[in-house]
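With the hints as constraints, model all of the structure from the sequences given.
Number of protein chains: 4
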Amino acid sequence: MHTGRLEAFSDGVIAIIITIMVLELRMPETANFSSLLPLYPKFLSYILSFIYVGIYWNNHHHLFQTIEKVNGKILWANLGLLFCLSLIPLTTAWMGENHFAGNPAALYGFSLMLCATVWTVLVQIAIKHEGENSKIGQALRNKTKEYISIAIYLMGIIVSFYLPIISIIGYTVVALIWLVPDTRIEKQLK
Amino acid sequence: MHTGRLEAFSDGVIAIIITIMVLELRMPETANFSSLLPLYPKFLSYILSFIYVGIYWNNHHHLFQTIEKVNGKILWANLGLLFCLSLIPLTTAWMGENHFAGNPAALYGFSLMLCATVWTVLVQIAIKHEGENSKIGQALRNKTKEYISIAIYLMGIIVSFYLPIISIIGYTVVALIWLVPDTRIEKQLK
Amino acid sequence: MHTGRLEAFSDGVIAIIITIMVLELRMPETANFSSLLPLYPKFLSYILSFIYVGIYWNNHHHLFQTIEKVNGKILWANLGLLFCLSLIPLTTAWMGENHFAGNPAALYGFSLMLCATVWTVLVQIAIKHEGENSKIGQALRNKTKEYISIAIYLMGIIVSFYLPIISIIGYTVVALIWLVPDTRIEKQLK
Amino acid sequence: MHTGRLEAFSDGVIAIIITIMVLELRMPETANFSSLLPLYPKFLSYILSFIYVGIYWNNHHHLFQTIEKVNGKILWANLGLLFCLSLIPLTTAWMGENHFAGNPAALYGFSLMLCATVWTVLVQIAIKHEGENSKIGQALRNKTKEYISIAIYLMGIIVSFYLPIISIIGYTVVALIWLVPDTRIEKQLK
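Chains as they are written, first to last, in my numbering: chain A, 419 to 608; chain B, 419 to 608; chain C, 419 to 608; chain D, 419 to 608.
No wet-lab data here; the hints were simulated from the structure.
Heads up, a few of these hints could be off.
A pair counts as met if it fits within one copy or between any two copies, since identical chains are not told apart.
[Claimed, not checked] Listed below are the simulated DSSO-like cross-link pairs for lysine-lysine, each with C-alpha atoms no more than 27 Å apart in a straight line:
(1) K553 <-> K491
(2) K487 <-> K553
(3) K460 <-> K553
(4) K563 <-> K546
(5) K460 <-> K546
Dropping the structure here:
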């Protein structure tokens, strides 16, 4: 089975996820700028989640460029990833509405950790399918970046019960680490 | 007429259906975990429906891989399937909001049975169009799996008025039966 | 400029239009079937509009299959069509909420007439661009079906102030006329 | 990396942005035409924003037709553009709800200026990537149209605090300037 339609479907789902978050940012009824101020935690949460979903799209794009055929396991791991990503608008909304309070910041970190874990599983299944010596097997053999990210999420979740602002900084740092599309794959493709 | 655009349009509609269900999971306004607890029936319903729509996407993908050209009948049978799938977010919401009560569980089963029936009709039209000896005619000649599923849905609907939890288990069993993408088509393609 | 991306973008917009109508069908909070009854005018409106948007997608698909390159005029006529189609969820919701009352039935007919008019303009621009002797010029020279439809819409709008049920029947008849994908184009393609 | 999936993803996001604005136009509960009247500022705002998003889609389409491969910078500049475009439904809703009052008209102009600025940056990055002598480098060397637009937005923002109606006229004039898809690229492609 070719990857074309899997990519198209994933593009559609990720496009919807990244855009419906904006529906949470309901504008105030009064027409002065000061009434926009209370929106700032929601807006900051939206920016962070937009970047995260953008990163997943970038990496998804890179990953499936190296894969030519998919099997049932990859299909379901991919659907699992889309499911986890679909929870990000929810945890983002909860965190934004509650001004980065402890519990919502922990749940937000948990949803990010869930995505990162399922992503690592998807990559692992893809490597197994393509073979250790394939392009992707060579490119993604080293998973230090994945493990560091998951470790920071875990610390973020624990810390959020005491100092949620530190957790948010942690989540932002992970986003910055991943901002650059996966150079491991780009190198391998060359 | 080629199948390319039919697949792209169906991908779009199915991507929206699978994602808008998450909009039903409105987060509570308070910031403690205990306020998330009442969401669990909605969340479980969401997971089950996500898997169901995912299964339909998988099978749709497999089906149209064997079909090269489409006619008016296939176009409309496909639109009929998309219509039935678009009802799943509604019946899911009703079931989740009412904690798997009898009537909503029956309607949920009915919407699943509707999808399964229209799917079987679509497959039948596709076989007629491609010919009994075509790849798809050979692969999908045996419809035992389809008939068993529809029978379980029917029993689920009846049982839901007495023991809705049994119906939900029945619907989940059908989902598990279909989790594996259609190996009949994969075998035939080889 | 090739038609590929215009088709993909139109597919996306039409897929969203056809699916967001279902968001209007908000399920009742109580769990018995009788509470679903008041939804029937909304549900019937949804079915009719789903068929209409499905017809436009079918015909759009057929039209752009005969066109190879697009210019600025076709791009904007197509965006104009998408704009008119995007009004159908609104007029459908108004008609459904008000149980096919006079004014909403008239506005619904008006939105259908608007779509049909812009569609005819789009076809005319496409014929001009491709030439009278092109496939599409030959196939769509005869516009009787378009003119009859617009005439029925016009009558429907007028009648709706006295007997809205007759208007709805008229709109349904036009849908039935168009249910079969455009055989004029299929003949010409052969 | 090829542009195919970047185009498909952008098409999806832009299709959603252009369509969710219609969700803001909630129909009144009463069934007479006079109750539709208060919707006119929202409706006019919707038309203007629909045209703007349509223009961005047209230009996006033209731009990526001249680009063959993308790098990480282009990916993120493109995501930045999609982010800015996703704010248009919000500023449109605020402006429509407040009948083109001063502050909302200023914020609307600001969101348009943001999009125009990020668009110019994206074009600049694309030129740098493809080379000054490439098709796109030649076609988009002259940025007078971009600078005039940004200047009008800036004036519109300032004027909106005194005479918001003049700002709206200014924004409409910029839309008209850009209505014709980018002939600079079309000339160069020939």
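Outcome of the hint check:
no.: 1; hint: K553 <-> K491; result: both (19 Å within a copy, 23 Å between copies)
no.: 2; hint: K487 <-> K553; result: both (14 Å within a copy, 20 Å between copies)
no.: 3; hint: K460 <-> K553; result: neither (41 Å within a copy, 42 Å between copies)
no.: 4; hint: K563 <-> K546; result: within (19 Å within a copy, 30 Å between copies)
no.: 5; hint: K460 <-> K546; result: neither (40 Å within a copy, 35 Å between copies)
In summary, the structure is inconsistent with hints 3, 5 from the numbered list given earlier, while agreeing with the others.
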